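Enquirer: Chains as they are written, first to last, in this note's numbering: chain A, 23 to 164; chain B, 23 to 164; chain C, 23 to 164; chain D, 23 to 164; chain E, 23 to 164; chain F, 23 to 164.
To be clear, the hints were calculated from the coordinates, so they are not data collected in a lab. Small disclaimer: the values here were computed from a predicted structure and weren't measured. Careful, some of the hints might be misleading.
Remember, identical chains collapse to one label, so a pair may be satisfied in a single copy or spanning two.
[Said to hold, decoys possible] No more than 27 Å apart at the CA atoms, straight line, and that leaves these computed lysine-lysine pairs for DSSO-like:
no.	residue 1	residue 2
1	Lys154	Lys104
2	Lys128	Lys156
3	Lys156	Lys65
4	Lys156	Lys104
5	Lys128	Lys104
6	Lys154	Lys128
7	Lys156	Lys64
8	Lys65	Lys121
9	Lys65	Lys154
10	Lys154	Lys64
11	Lys121	Lys154
Residues per chain, in single letters:
6 protein chains.
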Amino acid sequence: MNLVEKILAPRYEAHAHCDLFCGTYDPAQAAIEADSCLKIVKKYHDSDDEVFRARAIFIKEERAELVKQHLWILWTDFFEPKHVEEFPGLHDLFWRATKAAGAAKKSMSVEAQQEMIDLIGEVAEVFWATDKAKGAGVYPPS
Amino acid sequence: MNLVEKILAPRYEAHAHCDLFCGTYDPAQAAIEADSCLKIVKKYHDSDDEVFRARAIFIKEERAELVKQHLWILWTDFFEPKHVEEFPGLHDLFWRATKAAGAAKKSMSVEAQQEMIDLIGEVAEVFWATDKAKGAGVYPPS
Amino acid sequence: MNLVEKILAPRYEAHAHCDLFCGTYDPAQAAIEADSCLKIVKKYHDSDDEVFRARAIFIKEERAELVKQHLWILWTDFFEPKHVEEFPGLHDLFWRATKAAGAAKKSMSVEAQQEMIDLIGEVAEVFWATDKAKGAGVYPPS
Amino acid sequence: MNLVEKILAPRYEAHAHCDLFCGTYDPAQAAIEADSCLKIVKKYHDSDDEVFRARAIFIKEERAELVKQHLWILWTDFFEPKHVEEFPGLHDLFWRATKAAGAAKKSMSVEAQQEMIDLIGEVAEVFWATDKAKGAGVYPPS
Amino acid sequence: MNLVEKILAPRYEAHAHCDLFCGTYDPAQAAIEADSCLKIVKKYHDSDDEVFRARAIFIKEERAELVKQHLWILWTDFFEPKHVEEFPGLHDLFWRATKAAGAAKKSMSVEAQQEMIDLIGEVAEVFWATDKAKGAGVYPPS
Amino acid sequence: MNLVEKILAPRYEAHAHCDLFCGTYDPAQAAIEADSCLKIVKKYHDSDDEVFRARAIFIKEERAELVKQHLWILWTDFFEPKHVEEFPGLHDLFWRATKAAGAAKKSMSVEAQQEMIDLIGEVAEVFWATDKAKGAGVYPPS
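Please put together the full structure from these sequences, using the hints given.
Expert: Here you go:
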């Protein structure tokens with residue numbers, strides 16, 4: 023397995039997000055946007071430039087909205103009834119995670135962004151623990 | 023480092039895509055959409071359901087468009103003049119990659135999708151070879 | 023109360039959907055799009071015009087996507103922990119409703135559209151039964 | 023007619039907004055967004071939180087844009103030449119209503135939002151006075 | 023005036039389309055999309071490739087939608103009451119032009135596209151005949 | 023050639039931007055948005071209205087984003103390998119132009135907007151110098 027295959031393999035073999043059941047899903051999409059939110063908020067606090075701060079507020083808004091979208095899609099489209107039996111707290115986890123993304127959207131506090139990221143981490147853990155994700159690829163690596 | 027940190031770490035520490043210079047960039051975004059295109063095309067050929075096939079055509083169109091977007095953002099926003107010196111073929115690589123994404127958008131052939139994926143692989147290789155990406159995180163893992 | 027007030031009153035006094043907590047939410051938004059899906063599907067079956075049928079497929083796709091969006095927003099943004107205690111099946115209802123919208127998106131069957139509409143009806147019933155909705159306006163009228 | 027049917031009936035039986043001629047149109051869509059604008063503006067004036075106020079400005083912008091969209095669609099797609107004969111002021115009403123929505127978009131004044139809402143009320147009155155709307159459903163209820 | 027200035031001058035000095043009153047408006051935006059629709063329709067009829075034809079249908083749909091958007095913006099945002107006095111048929115012209123764009127959206131006939139283009143031509147003629155447009159630049163050239 | 027044909031002819035006969043290869047491309051699309059950015063920035067500096075200034079920041083953001091989009095599409099979709107041979111600096115020109123659009127997006131300086139406009143001018147010059155554009159229409163007029 024060359025470097026590129028190594029880098030991309032986990033995502034190349036897995037999961038669906040387009041409502042066709044193409045089979046490509048990945049919590050990385052929510053995580054990338056959430057990471058962006060956190061960095062934006064940090065830069066916002068480091069800046070005293072009025073324009074930069076205004077832009078930070080509305081760009082973070084868009085990024086947090088994307089987090090909500092990616093999470094909602096995972097919740098409704100990837101997970102199946104058997105997963106709810108397997109992970110009884112699944113609905114509640116996604117509700118808290120999307121609410122945390124909503125809170126992160128409304129706030130410029132680092133804590134709100136971190137809370138969102140932590141909950142995406144919990145979502146990712148459940149996601150990768152399903153047979154549906156595991157069976158699909160080489161990930162997570164041993 | 024727990025499982026979640028391990029799963030998400032590569033992306034959590036790196037790169038920007040929001041035009042604020044938040045610092046979050048990741049070729050994974052293009053790769054996830056491209057993978058979706060390939061799977062859609064395969065399912066298209068396995069199906070003889072008129073509605074499914076029609077949906078496959080326009081959903082793949084949207085996914086390939088996202089590939090183009092993610093690649094263009096990497097090209098213009100992540101890479102800097104010093105990278106062009108370091109990787110003289112950079113512009114040409116991105117031109118071929120986005121053209122391949124355009125071709126993948128227009129076609130239901132598996133080869134066109136694979137060509138796009140291969141070129142994203144090359145982009146990812148260059149991306150992760152930059153100090154900007156490497157310095158930013160723990161990735162690629164040794 | 024004049025005619026216009028009568029027509030619009032239920033919606034004018036109530037509920038929020040913009041993530042600012044403006045306070046405007048209304049299951050009517052999902053219901054209008056779902057109704058559109060049903061009508062599109064019926065016209066699709068009544069037509070033998072290739073172009074019309076192709077358009078019906080992708081326009082219905084967009085409308086059903088909007089249904090999912092409106093439902094997700096209600097679920098995450100309108101409802102609060104106390105409502106989950108009050109309506110223990112809330113999460114499951116929204117999961118089935120958004121899954122039904124996904125199924126309606128994928129299918130040109132009248133039944134799939136009706137199933138989505140029925141579940142939006144259940145969502146609306148819960149929505150209007152909350153104090154949060156009731157307290158907000160004159161609706162439902164006696 | 024049960025509660026759900028009562029709640030949703032007016033909208034379930036009526037009107038089109040998707041350019042397929044699906045037949046689903048409803049001034050409620052513009053009214054819901056306009057109501058949101060008004061509430062956002064009120065909350066803006068009640069707040070002295072810089073971030074909240076910045077968000078209020080651009081979220082209201084999006085909501086007022088949606089008002090314009092919904093009104094334009096009604097004007098071009100729902101109404102027919104016979105309606106212009108029946109309501110000679112139709113074009114002018116929509117022009118003033120969309121201009122009012124543009125003004126509401128630009129301003130944080132309560133009056134500008136109310137002016138937009140009042141004109142949507144007039145639009146709704148004309149809409150529900152057409153045979154096309156009336157014939158389509160049980161609405162307005164006696 | 024060098025070549026570039028000559029090419030771009032008419033548009034560089036003129037008109038607004040962003041609801042800020044930035045002052046940049048240009049019927050060229052609608053005309054470019056409408057031209058695209060016409061060419062798509064012609065290629066559709068020249069092709070017997072199922073995928074190409076499906077793509078032609080939904081891409082033309084998006085382009086015709088953009089025509090409607092650009093026309094609506096001109097109508098509501100560029101024109102002022104004094105223009106309605108000056109051009110009494112203004113509202114009706116825009117209504118017919120946006121209806122023609124809706125018809126062009128629904129149809130793969132060349133005639134429907136040409137009808138849309140012709141009406142945009144009439145809109146452009148009225149637009150460039152206003153003092154607001156004329157005073158703004160060097161256009162139309164003598 | 024009547025006035026309307028004269029006004030619209032250059033754009034009516036030319037170039038493609040929809041990924042179907044419809045054949046309609048025009049640097050005017052980028053130029054119109056860039057011009058809007060410049061005017062927004064000028065009005066921003068002339069105003070001391072907090073709401074107007076906040077709106078100017080995020081509306082200019084959207085317009086500059088559209089500039090990037092239009093330029094990227096020209097680069098990837100209109101130009102072909104033979105053009106790169108003919109204009110060896112093509113890739114670098116587009117890279118600088120899209121980077122300038124990114125800089126214009128981030129800044130409220132008039133200079134940043136002008137730099138973007140100047141580079142679009144250079145792009146237009148190369149565009150109109152190709153046989154592909156020239157052969158397509160009557161433009162540029164003698």
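Enquirer: State for each hint whether it applies.
Expert: Structure-based check of all given hints:
no., hint, in the structure
1, Lys154 / Lys104, "within (11 Å within a copy, 33 Å between copies)"
2, Lys128 / Lys156, "between (35 Å within a copy, 26 Å between copies)"
3, Lys156 / Lys65, "between (37 Å within a copy, 21 Å between copies)"
4, Lys156 / Lys104, "within (15 Å within a copy, 36 Å between copies)"
5, Lys128 / Lys104, "between (34 Å within a copy, 21 Å between copies)"
6, Lys154 / Lys128, "between (34 Å within a copy, 21 Å between copies)"
7, Lys156 / Lys64, "between (35 Å within a copy, 21 Å between copies)"
8, Lys65 / Lys121, "both (23 Å within a copy, 21 Å between copies)"
9, Lys65 / Lys154, "between (38 Å within a copy, 18 Å between copies)"
10, Lys154 / Lys64, "between (36 Å within a copy, 19 Å between copies)"
11, Lys121 / Lys154, "both (26 Å within a copy, 18 Å between copies)"
When each numbered hint is compared with the structure, no violation occurs for any of them.
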